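Participant: First to last, the sequence lines map onto chains Y and D. With positions in the first sequence counted from 1, the corresponding number in the numbering used here is that position plus 521. With positions in the second sequence counted from 1, the corresponding number in the numbering used here is that position plus 62.
Any given hint might turn out to be false.
Unchecked claim - With a cut-off of at most 20 Å between alpha-carbon atoms, the simulated SDA-like pairs for lysine to any residue come out as follows:
id : chain 1 : residue 1 : chain 2 : residue 2
1  : Y       : LYS525    : D       : LEU87
2  : Y       : LYS525    : D       : ARG141
3  : Y       : LYS525    : D       : VAL133
4  : D       : LYS81     : D       : HIS91
Honestly, the hints are just simulated from the structure, not real lab data. Please read all numbers here as calculations on a predicted model, not as lab measurements.
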Amino acid sequence: MLRKMLLQGLAAAAIIAGAATIYATTVYAGTDDNPPASATGMSQAAPAVKSDTGYLQPDARNSGKRHDDHERSSKDGRKKDREHHGNRRHADHDDD
Amino acid sequence: MRTMTTIEGRIMAKLSIAKFSLPLLHLWHAVLAGGFLVAYLTADEDTYAMHLFAGYVVLAAIVIRLLVGMVAPQGNLWRLPRPSVAGTLAWFGRRRGRNPFFAWFAVALLGLVGLAAASGAIADFVTWFEDLHEGLAETALWVIFGHIAFVVAIYNGRRIKAWLTQRLPSGLWRAEKEVAR
């Protein structure tokens, strides 16, 4: 019985994984942005990442205030990222 | 005046669930286990959409289990487990009937996995819930390991013990036989 239940669980996992893959493909196909594995998408998302890291940027450290263009909370930034990028979060980028 | 028991019994009778209780319970268990497995393996930023899908499958399974468990009649497999400390201690005294740890594990897992799934759904909108969600999911995983070990020990315990005993050094094997007498 245990072997049967184990096989049932694995079969269910395979079906759910397949459905989840189709869902993920549909989500990313429906947006204009690149899928998360795309390297080119990182540079496009860099300005948005600036505000989303939660860490103080050199500009913010000096002025004590964020620039208007990037003036949004980390939560809003993350939420907007999820809406447009499927909740991708990238490594911090150093300001040039 | 109709009582809740009568209404519950009518619902169950109409749905003809009693006849398929065990197969449906196995199906539900497979969906829950499979969903948790996929959700755990896809808990990464690059596979977030898959993680979200699997997580909501788990949440739906838990909700369905809780709803059906509340209306299932007494004695039905779908009835929600209600273990008690007094009943557990009494079981240790007589060692008869179903092991109460089945029910304890069921309660623990329904609670932990349910909370992990619910906190994940909230974390989708409230970011600071992510740490709580991760903690609950990791804890649930360890309880799942315990559940698997318990079930394997209960159903295959004698076979495993016999297999291990036969492979012990001969001196220990003789000592085991003397203890068994």
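Participant: Against each hint, give a clear statement of whether it holds in the structure.
Facilitator: Status of the hints after comparison with the structure:
1. Y/LYS525 x D/LEU87: 13 Å, holds
2. Y/LYS525 x D/ARG141: 23 Å, violated
3. Y/LYS525 x D/VAL133: 28 Å, violated
4. D/LYS81 x D/HIS91: Holds, because 17 Å separates the two Cα atoms, which is no more than 20 Å.
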